[in-house]
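Mapping the sequence shown onto our numbering, position 77 (from 1) lands on 77, and the numbers just tick up by one.
Among the hints, erroneous ones may be present.
Simulated pairs of lysine-lysine, DSS-like, Cα-Cα distance not exceeding 25 Å [unchecked claim]:
# : residue 1 : residue 2
1 : Lys64     : Lys176
2 : Lys221    : Lys176
3 : Lys85     : Lys64
4 : Lys243    : Lys221
5 : Lys91     : Lys64
6 : Lys257    : Lys243
Hints listed in this document are in silico derivations from the structure and should not be mistaken for laboratory results.
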Amino acid sequence: MLSVRVHGFARILAAAFWGLGLCACGAVYPEISTPVRAAGTRRLEPPPPADLVFLKFANAHIPKHTRDGRQWDSVGGSAPDPFAKLLIDDKEILLTPVQANTLTPTWPDQKLGNYRIPQGVPVRVELWDSNALNNHPICVETIGNILAEASDEQNLELRCDSGAMIEIVVQPAHAKFGLGLYYEFGSDEIHVTRVIVESPAGRAKLTNGDQILRIQGREVKGMDPETARSLINSNVATGVTFKVKHLDGSEADVTLKDGPIYPTVDEDVPVE
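With the hints as extra help, turn the sequences into a complete structure.
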């Protein structure tokens with residue numbers, strides 16, 4: 001009886017270790033980014049695409065009372081707690097945090113970025129008071145063609161029937177400089193994990209899942225991660241040559257050189 005119990009316990013241990021072994025096989029490799037730098041005063045060639053703009057709520061000015069003459073907050077006559085949002089087809093694409101107790105919000109903690117706006121699609125701007133008892137917007141305005149308002153010289157001002165005013169920064173997309181390429185180093189293989197669409201890598205038609213076979217003429221197989229990273233990073237200014245295998249099995253030689261990157265807000269490359 002004891003022998004049976006021991007053998008049974010051994011089988012349980014063996015199964016547990018086998019299961020752990022299976023889990024250990026699924027190694028996780030870190031994603032590596034190619035260098036990204038500030039664009040500075042470099043010439044941007046190509047320039048930003050026309051349907052990509054940098055958006056930011058610069059500020060708003062809100063009347064001291066609601067449209068019907070009431071105070072914004074019933075407790076002590078305090079100012080409203082405003083937030084603003086920008087919508088396309090009723091979908092929020094930009095939402096500020098609430099800035100408490102002010103008639104002149106600037107929303108310093110809002111997320112900054114480039115936004116892709118379809119040509120010819122109206123954009124709705126809304127200004128609200130975060131107050132459950134006063135759940136009507138302070139202002140709602142529609143911009144027929146916000147892309148036409150893009151300017152480095154002046155902001156877009158919206159004046160509302162309520163007497164409020166909203167000022168929005170609408171500028172051509174802000175740039176970074178780099179390749180726009182992310183990759184991971186697996187077991188003797190390098191695969192592309194992400195490509196910024198508006199970047200040298202994106203313009204070269206690299207896509208997620210492409211395999212990098214050679215860097216600067218050197219086979220990736222047997223190459224250590226630091227050598228691969230050094231070959232890429234030290235040649236971005238003059239041009240890095242890759243031999244890549246696309247997902248359809250075709251192979252191509254691609255040379256990438258530092259150039260403008262225009263990331264959208266959801267591509268997780270901060271711009272200012």
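Results of checking the hints against the structure:
Distance check on the hinted pair: lysine 64 and lysine 176 sit about 41 Å apart at the alpha-carbon level, beyond 25 Å; violated. Among the hinted pairs, lysine 221 with lysine 176 is inconsistent with the structure: their alpha-carbon atoms are about 32 Å apart, more than 25 Å. Straight-line distance between C-alpha atoms of lysine 85 and lysine 64 comes to about 21 Å, which keeps the hinted pair within the 25 Å bound. Of the pairs offered as hints, the one joining lysine 243 and lysine 221 holds, with about 12 Å between alpha carbons and a cut-off of 25 Å not exceeded.
Between lysine 91 and lysine 64, the direct Cα distance comes to roughly 30 Å. Violation of the 25 Å bound is thereby established for this hinted pair. Distance hint between lysine 257 and lysine 243 is fulfilled; the C-alpha atoms sit about 15 Å from each other, no more than 25 Å.
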